[in-house]
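K.L.:
Okay, here's what each chain looks like letter by letter:
Number of protein chains: 2
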Amino acid sequence: MLNRVRSAVAHLVSSGGAPPPRPKSPDLPNSTSAPPAAPPQAPRSPPTRAGSGTAAPAKTVEARASFSRPTFLQLSPGGLRRADDHAGRAVQSPPDTGRRLPWSTGYAEVINAGKSRHNEDQACCEVVYVEGRRSVSGAPREPSRGQGLCFYYWGLFDGHAGGRAAEMASRLLHRHIREQLKDLVEILQDPSPPPLCLPSTPGAPGSSDSSHLVGPQSCWSSQKEVTHESLVVGAIENAFQLMDEQMARERRGHQVEGGCCALVVVYLLGKVYVANAGDSRAIIVRNGEIIPMSREFTPETERQRLQTLGFLKPELLGGEFTHLEFPRRVQPKELGQRMLYRDQNMTGWAYKKIELEDLRFPLVCGEGKKARMMATIGVTRGLGDHNLRVCSSTLPIKPFLSSFPEVRVYDLTQYEHCPDDVLVLGTDGLWDVTSDCEVAATVDRVLSAYEPNDPSRYTALAQALVLGARGTPRDRGWRLPNNKLGSGDDISVFVIPLGGPGSYS
Amino acid sequence: MLNRVRSAVAHLVSSGGAPPPRPKSPDLPNSTSAPPAAPPQAPRSPPTRAGSGTAAPAKTVEARASFSRPTFLQLSPGGLRRADDHAGRAVQSPPDTGRRLPWSTGYAEVINAGKSRHNEDQACCEVVYVEGRRSVSGAPREPSRGQGLCFYYWGLFDGHAGGRAAEMASRLLHRHIREQLKDLVEILQDPSPPPLCLPSTPGAPGSSDSSHLVGPQSCWSSQKEVTHESLVVGAIENAFQLMDEQMARERRGHQVEGGCCALVVVYLLGKVYVANAGDSRAIIVRNGEIIPMSREFTPETERQRLQTLGFLKPELLGGEFTHLEFPRRVQPKELGQRMLYRDQNMTGWAYKKIELEDLRFPLVCGEGKKARMMATIGVTRGLGDHNLRVCSSTLPIKPFLSSFPEVRVYDLTQYEHCPDDVLVLGTDGLWDVTSDCEVAATVDRVLSAYEPNDPSRYTALAQALVLGARGTPRDRGWRLPNNKLGSGDDISVFVIPLGGPGSYS
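Protein sequence lines, in the order shown, are assigned to chains A and B.
When we follow UniProt numbering, the leftmost residue of the first sequence carries the number 1, and every step to the right adds one.
When we follow UniProt numbering, the leftmost residue of the second sequence carries the number 1, and every step to the right adds one.
It is possible that part of the hints are untrue.
One copy or any two copies: either way a pair holds, since identical chains are not told apart in the list.
Derived DMTMM-like pairs (lysine to aspartate or glutamate); straight-line CA-CA distance at most 25 Å [unchecked claim]:
| hint | residue 1 | residue 2 |
| --- | --- | --- |
| 1 | K313 | E406 |
| 2 | K182 | E225 |
| 3 | K353 | E225 |
| 4 | K353 | E131 |
| 5 | K313 | E245 |
| 6 | K333 | D358 |
| 7 | K398 | E229 |
| 8 | K271 | D84 |
| 9 | K224 | E357 |
| 10 | K353 | E334 |
I should point out that these hints are in silico values taken from the structure, not numbers from a laboratory.
Since we're looking at a predicted model, the values are computed, not measured.
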């Protein structure tokens, strides 16, 4: 309830006190302005379109501020209440009637078992049209050239310390990606290698003579080959950073106090880009084979990066933490004894004599789901969290918490995909209690029960995955068939079929 | 010739001006003292022993200072001259007569084609006995307990800017490893998990009561499980660092001006530990399958680590370098234009407006064998190089050049090895012109020509690998059968059979 009050207050001030955003380009995504409902220009072959945050119907101030679910769920006020019910934990999916998600993507979600007031996961599924800026060579675009690009986009955002960051990211991250791609529209459609150097400003006056592009011939040293693919990767990487910077700018006005993990998929020109910052996960299940498409970023997997930062910038530890890792907390009475440790360079352990500063709290401690960075947070990448401080301290977490994603690329054209080949995205609510093999088994079990051309099969699969992770209420808890506890966390799942995209690309 | 003079002068001052070493323990390896010819105590089942630097016969001052080869080659003065002949490039191996290397290890080497005055590779093959310090629990050792440990050791050291660092490392690195293992002798032989905390000083008075060991029961928080294996990894990691620190201390007196890559193998208690710092490489060929046991550390593979260091500690770049990477050198006339770049966080590329500081030389540039860090050096890990500066600058390379190895572990007991299963170590002279598959093909071709129990087959294999990388003199160069250029670098190869160790362990 307190949270709800806070959110309402937050929204009331959200259009006022925020410092003016410093846009990097004239149409930088802006969380305060109403997003356009449709892309500026229709794609050549209009793909199936689905609703999302950006195409959302107008909501009342209170509704958006207090609680929102992805608009593609098309929830009525009653449905919204049911989705918000911790006791029933009803699984939500887009309705059978109405438009399907692009590629017949399946989606399902369920609220947590009481861990937080609302479902702090958010999701987005969009077809995004990218209109090129004026010719990158400075020439005005000819009618026959400079056609825009379309990308398909899916995003899961697992919020913490409130749902505002996840909600903001679900509305805006794909628009940052679009912005980053605008300069690349011509380049990506030109089969020749990307120019290494471009004239000063996109859209600046210039001739259409391509000699303005500084070509390989004009440089005296060797040069690296840069692929089209790596430009898309760079665009996504920078979009994450710009999204994070926008959250930093707008945090006061909009009370974007929390943060979120972000797992997004971009399909562009035959390739699937999976970008991950946090502990959500993506796998491809192809002909029964499991292909991991992300890795989790936690204090355990990123130990050496965190320790290196603490070692090189000890001021970030504020005299409260040590960058060394110990297998357990060092106790004052152990001063002078020798304990196992490892520093930022080591993967093995060795003994060291315990000194006074080793009594500080370790930067990284704990294992598995209990691992924590600065005793505060269990993920090490994500968006937002600009106000997050170490508990009872003014020490910021942010320099250790990175907004950069890892991007993996999967070439859809290199393999003949069948209707049972899918890319599964899930927040940690799914993966905490479900192994990759269990997901693959569910894929096989559910999809084989439907006709290959039945588009509802992917939604059924997403629902089965969510249900399998949630369990059923029994013995004072949500339990799985093996009687272990199900996930009490928010659970969100996308199932993206890989066999169909050919007809959309 | 100049080099030879320098070396001779270097040696003459080597015993004088050096600051006194600060040993970490009473018998820290010391490069100035004559190393003991035999281990302090014989192992229980004395394994085949072979000569090495530490068991070297006394040499004249001049011989050692000017040029040395691994003592297990047992080179006569005439043999030493032939090994030093750039024109003939005769392949050197231990003689068929006399003691074989442990495990019937094969070894072969050849000098470069004129790149440097002497062969700057060095090698070491040793059986090292580790006598435990007094009981780690503080108790005096009982006669029945505290038996020492034996480890088998192979090392390849690829020197640059002179052979002194490689020579020093080949004499001393295994002794640093032995030092690090001394505290672990009892722990590694005890099947129970290693104690997390030990009394203050090894050998300090204490009771034999194991309650002195701070056990799991006495701590309030959760604790990590630490394996015996990770203690050995930690010991090797720290030994590399201590070797490097010793080079730093002794650099003035001994003129250890250059540096070296180090690739070492430790076999201990059923496991093979492969530690690598540099661009040498190790692979296992097992039943025709290739298992990489190391990765190369170059400006390309370590780009993000180097950029991160430059970003977090810009003072290390001295205003001369930029931590950003560009696909080619930026030119002053391109100021204000937009060029592709990537920073320490990015794997993709994006365009940025060129500013004045982007005209600085990039920290990392070039590709493949031409990749350079600070325009100076093509490897990013190794020992020594404490005096190395950026060309015509006082900027040190060292903070970017790391002495930490990556250690990979291979459990020999998990697979029934046959006599044709081998671990191949090679300096970059081998790998620059030989692929993993070519090595595997040579393994198959050469070993199948010998009886499985013929111990000379591994030397024959090492020789074949070296010859295959060197080529034969033809058309003004050393050429391979396909007429491509062979390696003009020093080439050194160990072939370690994995099928036999059972009888030694």
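K.L.:
All hints, please: hold or fail.
P.N.:
Hints and how they fare:
Both within a single protomer and between protomers do K313 and E406 lie at most 25 Å apart by alpha-carbon distance, with minima of 23 Å and 24 Å respectively. Taking the shortest alpha-carbon separations for K182 and E225, only the intra-copy value of 22 Å comes in at or below 25 Å, while the best inter-copy value is 50 Å. Proximity of K353 and E225 under a CA criterion of 25 Å is satisfied inter-copy only: 20 Å between copies versus 50 Å inside one chain copy. With identical chains, the CA atoms of K353 and E131 are at most 25 Å apart between copies only, with a shortest distance of 21 Å across copies and 62 Å within one.
Taking the shortest Cα distances, K313 and E245 sit within 25 Å of each other both inside one copy (22 Å) and across copies (23 Å). In the homo-oligomer, the alpha carbons of K333 and D358 lie at most 25 Å apart inside one protomer (12 Å), although the nearest pairing across protomers, at 53 Å, exceeds that limit. In the homo-oligomer, the alpha carbons of K398 and E229 never lie at most 25 Å apart, since the shortest distance is 30 Å inside one protomer and 35 Å across protomers. Taking the shortest alpha-carbon separations for K271 and D84, neither the intra-copy value of 36 Å nor the inter-copy value of 55 Å comes in at or below 25 Å.
In this assembly of identical chains, K224 and E357 lie within 25 Å of each other by CA distance solely across copies; the values are 21 Å between and 46 Å within a copy. In the homo-oligomer, the alpha carbons of K353 and E334 lie at most 25 Å apart inside one protomer (9 Å), although the nearest pairing across protomers, at 55 Å, exceeds that limit.
When held up to the earlier numbered hints, the structure conflicts with 7 and 8 and fits the remainder.
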